[in-house]
Structure formats: structure tokens, C-alpha cells
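Assemble chain B onto chain A, guided by the hints.
In case you want the letters, here they are:
2 protein chains.
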Amino acid sequence: MWQQPTSLFTDHYELTMLQASLHSGAAHRPSVFEAFARRLPEGRRYGVLAGTGRILEGLKEFRFGEEQLRFLSDTKVVDATTIKYLENFSFSGNIYGYAEGEIYFPYSPVMIVESTFAEACVLETFVLSALNHDSAIASAASRMIAAAGTRPCIEMGSRRTHEESAVAAARAAIIAGFDSTSNLEGGHRYGLKTVGTAAHSFTLLHDSERAAFQAQVDSMGVGTALLVDTYDVEQGVRTAVEVAGSELGAVRLDSGDLVEQARWVRTLLDDLGNENTRIMVTSDLDEYAIASLQSAPVDSYGVGTSLVTGSGHPTASMVYKLVSRHNDAGEFVDVAKAAKNKVSVGGRKYAVRQLDERGRATEELIGIGEIPETDANDRLLLEQFVVNGEINTDFTAASGVRRAVKRHRDSIKEMPGTSRRLQRGEPVIPTRFINED
Amino acid sequence: MWQQPTSLFTDHYELTMLQASLHSGAAHRPSVFEAFARRLPEGRRYGVLAGTGRILEGLKEFRFGEEQLRFLSDTKVVDATTIKYLENFSFSGNIYGYAEGEIYFPYSPVMIVESTFAEACVLETFVLSALNHDSAIASAASRMIAAAGTRPCIEMGSRRTHEESAVAAARAAIIAGFDSTSNLEGGHRYGLKTVGTAAHSFTLLHDSERAAFQAQVDSMGVGTALLVDTYDVEQGVRTAVEVAGSELGAVRLDSGDLVEQARWVRTLLDDLGNENTRIMVTSDLDEYAIASLQSAPVDSYGVGTSLVTGSGHPTASMVYKLVSRHNDAGEFVDVAKAAKNKVSVGGRKYAVRQLDERGRATEELIGIGEIPETDANDRLLLEQFVVNGEINTDFTAASGVRRAVKRHRDSIKEMPGTSRRLQRGEPVIPTRFINED
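Residue numbers (the numbering used here), protein chains in the order written: chain A, 1 to 437; chain B, 1 to 437.
Accuracy of the hints is not assured; some may be wrong.
[Stated by the list, open to error] A few chain A residues that face chain B, going by a derived Cβ cut-off under 7 Å, partial list only:
1. H23
2. S158
3. S182
4. A199
5. H200
6. L205
7. S208
8. S219
9. V222
10. Y288
11. T309
These aren't lab readings, by the way, just hints derived from the structure by calculation.
Note that beta-carbon positions come from the ideal geometry of N, C-alpha and C, so glycine has one too.
So here's chain A without its partners, still in its complex pose (with noise of 0.2 Å):
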């Protein structure tokens, strides 16, 4: 999956932390980190947490090479001392977190990672780039599904991201219910089913857009979806069933009012007896715009911009904070920074989705020390991902993929009916401490 060292995705800082507490010896105290989203986007009823299988993939390459190494020495980023300790590095600890594709809400503990600090703590920023770019993605792309019913959505907005972020955003979309994706280094890296016809560069191209539509036609059947508002949208649709019959598989509009465009272009290809094609829609869709075409005669939607950058929040805000560590007599010691505005809770979390008789979410539990009994419903959310630096592989690749998907649909149907809707509110469960000390 990783074809280099994913060692330097990683904030200076780290390794000066590192340098120093090595210096000062609190570097080997065993402590414990915890991944959290102090809020929900604004009005957003609840997360989705997407990320964890490209991080066990990552830690798995998070080693420094001589490359690195001679890099972090030239530009005296760390001391000798440092490097050498790096030299040897391999992530010997525990992780644990909650399920990919799982739901979560403010301070749930997405992942808790156990060991010395310094194994902890150079993992932050690799960490929290994973969860919070990917999380945003899947938090989204979970609300376009809701909105798009029983309707697929499929994923294209590569060329709106960067390139890596756009297999990893595919991925998440996959993950939060999405059909399919254009991305094809998503299709390679991780099993995704991927889709794609033609652009209006293809009809350009072309001498007419018969000639075009003649040309794909050809080439691919009359299965295929044929791009039809490169010049007049009834003409186009006339010439698509011209060329392709009436097992033409499906038109693609593009732009203008969608709702009513798709009003009549289904009266014209039932008309012209194409009662089958489907109408695809894909101009600037966001879950606004999906549930706004509910009403309309559309079969699939499909989704850029808004779905890669977040639909208004690209970056989840999750944080990656020290929340217990050994002191001197090597007992545990939970810790919490104090400054104003930015509250932490200190100590190892357990989380525990409680639900009610018939299924029904009705809690978030999080509390620290033992955990209380719970009833047969409920959920234990922590799983455990990484035992002594040994990785679950289940839960990395393709089948990690699929594992999350089937997470997210079953955590979704426990949710209560109003996760489902659009409008702004407060998470659709409340979150409830218990602290027993």
C-alpha cells in the first residue's frame, strides 16, 4: 500500500519532543494518547470516523530509513542521540479505537494508542492527518446517502483535492455508503468498484456529437451513459437515442436547473420509448442539492467538490492529546491541560453506545476505570487494532473497506430517525461522562 516511509509525515515538534524527553528520561514513560473531536461540525448530528485502516497500513512503513535519518541529521532537526534511538524505531505498543465507519460524537475516543511517550507521541501528526481528513470526508459523503435514499451516489471529485487525498476520499465515500468511484488508484489500492464514461471533451473532439455519442457507443455498448448538454440538451438526448436505441443505458446532465431538466428529459426518453435509460445528474451536488432532486426523476447522483472538501468542513478537528502517564513510582497518573477554551479530559477512556430495547441508540457513555455493567444491547466501542506492535491486518485494505462499510450501516441503523435529517441540531445522541475517581 505504502510504497515509501511514511515516518516524515510528521510535525518538527514531534521530534524535538522527542530529543528533549529523551534527554530528560520521561521519553520511556509508559503513557497513554487519546484521538478525540471536542464538537461536531456546526449543526452536524453526528461523525463518521474514517482513517484507521490507512493508518495501520502506514504504521506498518513508519520507520526511519537511512534517507530519513540523514536528513533529520544534516538539518540537525534532533541531536546524535535522538537519531540513534530512531534508528531502531518500530511501534511497539497498543492501539485501540473505535470500529472505521463507526459513529461518533464530541469526545468519544476514536483511538487510544498505549505505549512509552515517545512511540506515542511521534505518531500524532500521521495520526490525526489520517482521521481528520478522512472523517470529514465520510461525516459528509454519510449525510449525501440520506439525503440520496435508495439512489446510489457515486464519488468524482478527484481532480477538486489533492491526489492522495482523492483515493483516501473515495475510500471514505466508499466507506459512508457511496456505490462507486471514479478514482482508479482507489479502484487498485483498495478494491473499490470504479465508474466512467465520457466528457464533454469527448464530444468535442468529435466532428459532431453524433459522432461522438457513435464513437462511445461503439466502443463501450449502448449500456453506456452518454453526456448530453455539451451543446442543446433536447437535441442531445434525440441524437443519444438515435445512435443508441432504446437500450441506451443512461444520459448524464451536467449543468442548469437539474429539477426541471430532469422533469423533461424523462417525459422525452419515455416518449422516444427509452422508458429504461436512467438519468444520471452530477453538476456541483451537495446533500442540499441531492434532497432537492428527491422529487425529480433522477437515478444517481454524482458527487465532487462538495463531498471532497468536506461539504463545508474539510477537517474534522479531531485532537490527539496525553491523557494519562506514568510518574516516578510507575503508577498511572491521569493529566489534562487546564488553558482556558480548550478543555481535555484526563485518564483511559472506555465508550459504550448504549441503546434501548429495540436497538435505538439513546447514549454515548464515556467514563473512565471500570466499565459498568451494561445491558444486552449495549455496544462496547472500543476494539483493539494493534497488540504490541503486531497489526490486525483485518482491519487494513480491501477487507478493512468492506468491514467498514458494513460498520457504517449498521451503526447508522441504530441511530435515531432524526440522524437522518439535514437541518442544523445538536448530535442526535448526548454524550454522558462518568469519572470514578
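Quick look at chain B alone, frame taken from chain A:
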């Protein structure tokens, strides 16, 4: 730079278009594609082009190796004829464009790709991913630099965006005038200056704030920056000065009301005899927060989330359009889509920045055909990056970044003073089209 092929950072439909055009024969028509933005983000007065160097670096690796071809073949993305074509794929055309760091406006032809349809078509997604992401970041960064005046800005948003976007964002920020970045991979790949000291976790790791400061100073010297807001800021400053003495390099404030806090922390530092200790602030800054801090005694700004998410505009809305291609007679024909609300202008463009006698930009002139006579001051904006497939490496890697930094600085100097205003407005100079046809 790239350790793996970039060829699958591509939308599925680019390859199905390739297949259908190989079938129709149009694949080999000489073609001109153009990348441009139809608009700037609302209220923005200029955009900053970035991503070009990364495209050129990726172009070298835009090959279809065994693994890529097997994927395309196994998943039936394209047919055997197309696989055969891709086996030997290597871009052999010409690429022109605005230099990286250059300012652009709506319809500026920021990149022009001349080759066969086949070769230019398959590059679309990768080209747009790099331009859209990197230009969004550079454009936001440039406004932050304007707001910061002579005070240095430090990029530290890696954790808020995908780990590879983070590297590209660091690079784009430096191009737009940032002093340095926290991103180590950015330092490694592009020779960017990296900086960093410590986070709250470092303080929490130790048994007291004093112990943590002592550890940091022991390891990094008194010139380091101490983070003083983990517990009580006033006590933090006093402890920092006690531990490091009068030569303490800086204190960092990361929470609370930064304007008010910077004032009294400055007074406190001065009273303690630390007139030379700088104040760095880092809490959720964007260009507006930076502007509001200009009257406060702050020495540098660390910028994270808002930078890497383009300060509200995470993508630059660049498109890549076929504007001209051969007909059967072997003559170039200008082409453009006619669909509603998505106007394109056909034809191979030139671009000139018109400057008055004092070297101030007055107009962006974009035309088709012969370039009109220009005044001595006017600047032709298109440079050639690729000549018959040969990449000019001056525009890549660390030297490319240095060149782009200079280009941006010089371009900004030419702009009217209003370009530096944060208020919403029209593009700072108008774009004029000349069409000789």
C-alpha cells in the same frame, strides 16, 4: 520525489474516453487543453498559482507499469487495444503555463497542454488535483502574508489535512511567502525550512511545568520557544523566565484572547528583563485573526487549520478544457462547450500582464491568435515547462520552489495596493479578452 507511478491518480472516464477515441481514431488528433478558473472564490481579489512543479515531477512517473496494467485489465476498465497503447505511454507533447507563484485571475490560461488528445486527456485528473489543491492553499497563504506585514508566518497545519496534502500545503505556503513549516517531509522533499519545539503533551509528561521547561532548555538551549499556557499563563511565563533566563528565545501562546494576552505577557516579559524574548501565537489563526493581532505585541504567527483548508475555499475551481483540435484536414479548429452556465472560450490563448509606466499591473490581457504589440513594461505570462516530452527541471524540486517564491514576491509587487486588502471585492485588475477571429 515520486516513488510510485502517478498514472492511476486518474478518473476512470479519462481511460474510457481514451479507449473510445482510439476506436474512432480521434485519439491521435493534435489537441490543445487549457486549465483555468472561471472565477475566484467569492470576494477574493487574486489567486496564486501553485502545483506546477509537482505536476512536472509527477509527469515523469506518469507511466503504466505491469501492476497498473494488470489492474486495468483485470477490472476491465479498458480493452486490450487501450492496454497496449498505455504500455508505451509517455507524454511527448508541450506544456506551457503561468510560472508557479504567479498571480492569476478568472480565465487566466494557467496551464496549456499541447499533444494528441490521447496524451493530454489522460493527464486531466492529475493536473487538476495538483493545481486545485495547491493554488487554493497558496491563495489563502498570500492573504495571510499580506495581513501579517513584516511578521513571519509559520505553516503548521499538517495534522488538519491528509498527510500528503500536508506536504503540498507546506510547499504552497512557502511559495506564497511563509517563513517556514512544521512539516518534516516538506523539508525532506523540497528543502523547506522546518521549525518546531514542543506541545502541551510535553509539559503534561513531566511532573511539573518547571521540570518540562528545564528538560526542554537543557536539550534545546535557552533560545527555544516555551509553550506557557498548559496551566496558568502568568505562572507559565514566570517559570519560563526563571528556567531559561533573559536569553529565552520565545514564549508561545496557544489559547485564550490572544490580543489581550499578548499585551500583558509582553509587559510581564519586559518587567522580568526579557525584552528580547519573542511572543509567538498559534491558536486557530486565519488572515482576519492575524489582521486583528497586528496592533498586539506579537512577533510571529503559527497558522494551521485555516491555511491547509484554504481559509474557507479548499479548492480553486480550476477546470481543464479542450479548446482546439485538428479536424480531418489537419487544421486546428477552436472548440467550446455551449451548455448553460458553464461558458468556455475556445482557442489556444496567450496572456499578457499589462503594466503602467511605474510597473503597476493594470490589466490581464488574454487573447487568441497573434500576440499584439506590447509595451516595454508588459509581461508575457506563459512559460514553457515541457518541450516534446522533455521536462525543464528548473521548475521542479527545491530549485523550483525557490524560483516560485521569487515569482510570487515579484508579482505581488506589481499589484495595486488594493490587492492586499482583506475586504471582499472584485479581482484587483480586470481581465480583457481579445479574439482576432
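Hints, verified against the model:
1. H23: 4 Å, holds
2. S158: 5 Å, holds
3. S182: At 4 Å from the nearest chain B Cβ, A/S182 passes the 7 Å test, so the hint holds.
4. A199: 6 Å, holds
5. H200: 5 Å, holds
6. L205: Holds: closest Cβ of chain B sits about 5 Å from A/L205, inside 7 Å.
7. S208: The hint is violated - A/S208 has no Cβ within 7 Å of chain B, the shortest such distance being about 11 Å.
8. S219: 4 Å, holds
9. V222: 13 Å, violated
10. Y288: 18 Å, violated
11. T309: For A/T309, the interface hint holds, since the closest Cβ of chain B sits about 5 Å away, which is under 7 Å.
Checked against the numbered hints given earlier, the structure breaks hints 7, 9 and 10 and satisfies all the rest.
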